[in-house]
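Engineer: Letter by letter, the chains look like this.
Number of protein chains: 2
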Amino acid sequence: MTEEMESRPWEQLEEILEQGDLQELTQYIDELPADEMARALSRISREDQKEIVRILDWEDAADLFEQVPDSLAVDLLRQVSTGDAAKVLNQMQSNERADLLAEFDDDEAEAILEKMQPEAAADARLLTSYPPGVAGGLMITEYLWHYETSVVDDVIRDFREHAEIYSDYDVQYTYIVTEEMVLIGVLRLRDLLLSPNKRKIADIMIRNPLYVRDNTPLTELGAFFDEHELMGVPVADSDGRLIGIVRREDVDDALIDRSDSDYLKSQGIVGGEELRSMSVWRRSSRRLSWLSINIVLNMIAASVIAAYQDTLSAVIVLAVFLPIISDMSGCSGNQAVAVSIRELSLGLVKPFEVFRVWTKEISVGLINGLVLGLLLGTAAFLWKGNVYLGIVIASAMAINTVVAVSIGGCIPLLLKWMKSDPALASGPILTTITDMCGFLLVLSFATMMLAKLQ
Amino acid sequence: MTEEMESRPWEQLEEILEQGDLQELTQYIDELPADEMARALSRISREDQKEIVRILDWEDAADLFEQVPDSLAVDLLRQVSTGDAAKVLNQMQSNERADLLAEFDDDEAEAILEKMQPEAAADARLLTSYPPGVAGGLMITEYLWHYETSVVDDVIRDFREHAEIYSDYDVQYTYIVTEEMVLIGVLRLRDLLLSPNKRKIADIMIRNPLYVRDNTPLTELGAFFDEHELMGVPVADSDGRLIGIVRREDVDDALIDRSDSDYLKSQGIVGGEELRSMSVWRRSSRRLSWLSINIVLNMIAASVIAAYQDTLSAVIVLAVFLPIISDMSGCSGNQAVAVSIRELSLGLVKPFEVFRVWTKEISVGLINGLVLGLLLGTAAFLWKGNVYLGIVIASAMAINTVVAVSIGGCIPLLLKWMKSDPALASGPILTTITDMCGFLLVLSFATMMLAKLQ
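Protein sequence lines, in the order shown, are assigned to chains C and B. With our numbering applied, the first sequence covers 4 to 457. With our numbering applied, the second sequence covers 4 to 457.
Each hint should be verified, as a subset may be incorrect.
Since the list can't tell identical chains apart, any single copy or any two copies may satisfy a pair.
[Said to hold, decoys possible] Computed list of lysine to any residue pairs in SDA-like fashion (alpha-carbon distance at most 20 Å, straight line):
1. K387 with M302
2. K53 with Q457
3. K455 with S316
4. K387 with S316
5. K353 with E14
6. K387 with S306
7. K53 with L195
8. K353 with C413
9. K387 with T450
10. K353 with Q15
11. K201 with R191
If you're looking for bench data, these hints aren't it; they were derived computationally from the structure.
Between the sequences and the hints, there should be enough to build the whole structure, so can you do that?
Structural biologist: And the structure:
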């Protein structure tokens, strides 16, 4: 495999596309590992990308798109007609399809949905109607179900008749429902095959099967699969009707995605992930949308400095310490943000437990504030030989560290409580407040001691 | 489930522990969802935590520890004797055991290993000998294997004799090896049961099974499972000998962990995750170890300001813009860092492709630098009515944005190339350089135009 890592699979892909040999293309795509395939697809020209969708069977194209990162798949689908995109999406697994549709703008998604097969479109509308990260949005709709009134023979006959469709499903069970589609049992295929033809399904099914509600959040689904050695769990709506199956692997994938997206958002990549294969304008404008909010917040924070210009020109050395205090408070606060977001996603803390988090942070803040304050204060004193300067800097640093960890620890919980996204908004809110507070502390303490500092 | 979320399971746990009823404790632990269990465990007293390990069977304790976050499990195991910790670890699955041992200090781990069962300890030593995130460290050593020379009857007899051990394994296959333990086939249990007793295993096994080398990195394992609908893949060492099985779910878990830890490290939580149930001193000192490096880097960067004090006191308004330029450049650079780390982990970019990343970043940097520079420069001009101030600020902001995205985009690749951890070191290196560079640009431009600015 190592040699392949050094290779440039996109060059081979371009060569095959030039020859236009469908069989060779299909085989090459089959054999290339998924990550190398994504790498190759992201490096070929727009024309070649379109060509691939044009040449491949819809089903092979769907397989390919299921393997590459969502943002790359959407980028590729944007380049073909909505009709072609619909044909590829028709062939995809229900949850992968819904994930991709959710990444399109509403208008684009609607245009594609209208051209999809009615059944696939209805499935996709159901899945995308759920907020991200709950069972209803993560489930697949490819599963087997039968009525409780069936007998063994009915089910086996149904299997044979629909063998072609069912062969795409990961089948170990069929789910047994009432006439109103209420889930009442699960039947192992093994038990089906070992039972006489006329036996009633209701007699051999396992009653009261485990299930989750459609609004069960991802964290709880993760905990469910940690506990139960199952590959999937049925999903019921508020009336107990079976509407899908959530598979373990999709929950795992969603947990990976959430964690990746928390990381990206905390670093200012918002609105979905960015790949360098996207156009410069798109990358630039998405990054700018975040940066331009931030620069305004920064100007607001810096206005505190502007208000204290007289103090600052009297004691110019303070200007050296302002960016240090701003940056260090941001660091301390972000540590607390990260721990809170982590504990929230592990379910170790609930959004209403703000006070508990605050008491836990305040002690760390006091210790770290004292240490950092002493460090920076001593540096200030040693540099200028003025003990009052040391005191101003040390106390501002210490107090602002306590402020920063308090805000950093609590703000993710408050945002979550208000149904906002903590990974996205915590950073900017934190740094704006701690900057303002830090500047205010340094400059107001300095104003009070102005005579001693000059 | 919703009602349970509002409950305080640790109170019930404390009550049960007070009564000391083993059966009730075991049942309560069995029934509580994994995330609630972790929440409860992290909130009870140290004494109660020890009590749980003391009361539970070793096997139940092992089950419990497999369900909670690693950092919490290690924290709990640190509180009991090394002998008791060894007894719990003996009962754990090989890979979970190795993960926990890897979180202990070397001395602690060695002390526990010495008290473990020799076989479990040898397994653990093998797994922990691999660097994190390769197949050898992720694999489990609980799997079935038989010699190619066996006949059906031998294998079935072996199953019956070891039924108790094997019942813990997730068994669908047995792996077939030569006398030298070289993997040459895989046998489905179904095929075993449907074959005559005297049939040779070599005749019914599937030859040339898929396998991975022990040094296969996590990214490639993820791609492997994206491509192949398998629950696990055998792992071979450099001589082709079978040494373990990597399961899909463990690869998924490792991907989640990597992403979580990238996030935590980028926010300054280093040396493993922090839970608020850990002691104040431990949390505080771990955060401080990071902050104290950062404060030194900050002082180095701020020394640039100190060198230009004369310019600054002549044009005091510059002090307002220094923290803005420092913070904004940090933001722009961190966006580029995040995209690089993401592309590295998706395998879309290789560490040696620094130049490619740089050319992709420079264009985004130019656009965003121009926009942000114009914005901040215009604000400066409008505020003070001095066009030269606007020019100084705008050009410093624009140039520093280009510098920031260049460094931010390339530094994760360079760190990865040097086998360092990009998520950990990228941030501090980035902000130190961009701070110095930003301060230098503003203050040196201002020095050149000093006459026009006053």
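Engineer: Compare the structure with each hint and give your call.
Structural biologist: Verification of the hints:
no.	hint	verdict
1	K387 with M302	between (30 Å within a copy, 14 Å between copies)
2	K53 with Q457	neither (70 Å within a copy, 59 Å between copies)
3	K455 with S316	both (15 Å within a copy, 19 Å between copies)
4	K387 with S316	both (16 Å within a copy, 16 Å between copies)
5	K353 with E14	between (51 Å within a copy, 16 Å between copies)
6	K387 with S306	between (27 Å within a copy, 13 Å between copies)
7	K53 with L195	neither (46 Å within a copy, 48 Å between copies)
8	K353 with C413	within (11 Å within a copy, 38 Å between copies)
9	K387 with T450	within (18 Å within a copy, 23 Å between copies)
10	K353 with Q15	between (52 Å within a copy, 18 Å between copies)
11	K201 with R191	within (17 Å within a copy, 31 Å between copies)
Hints 2, 7 from the list above are not met by this structure, while the remaining hints are.
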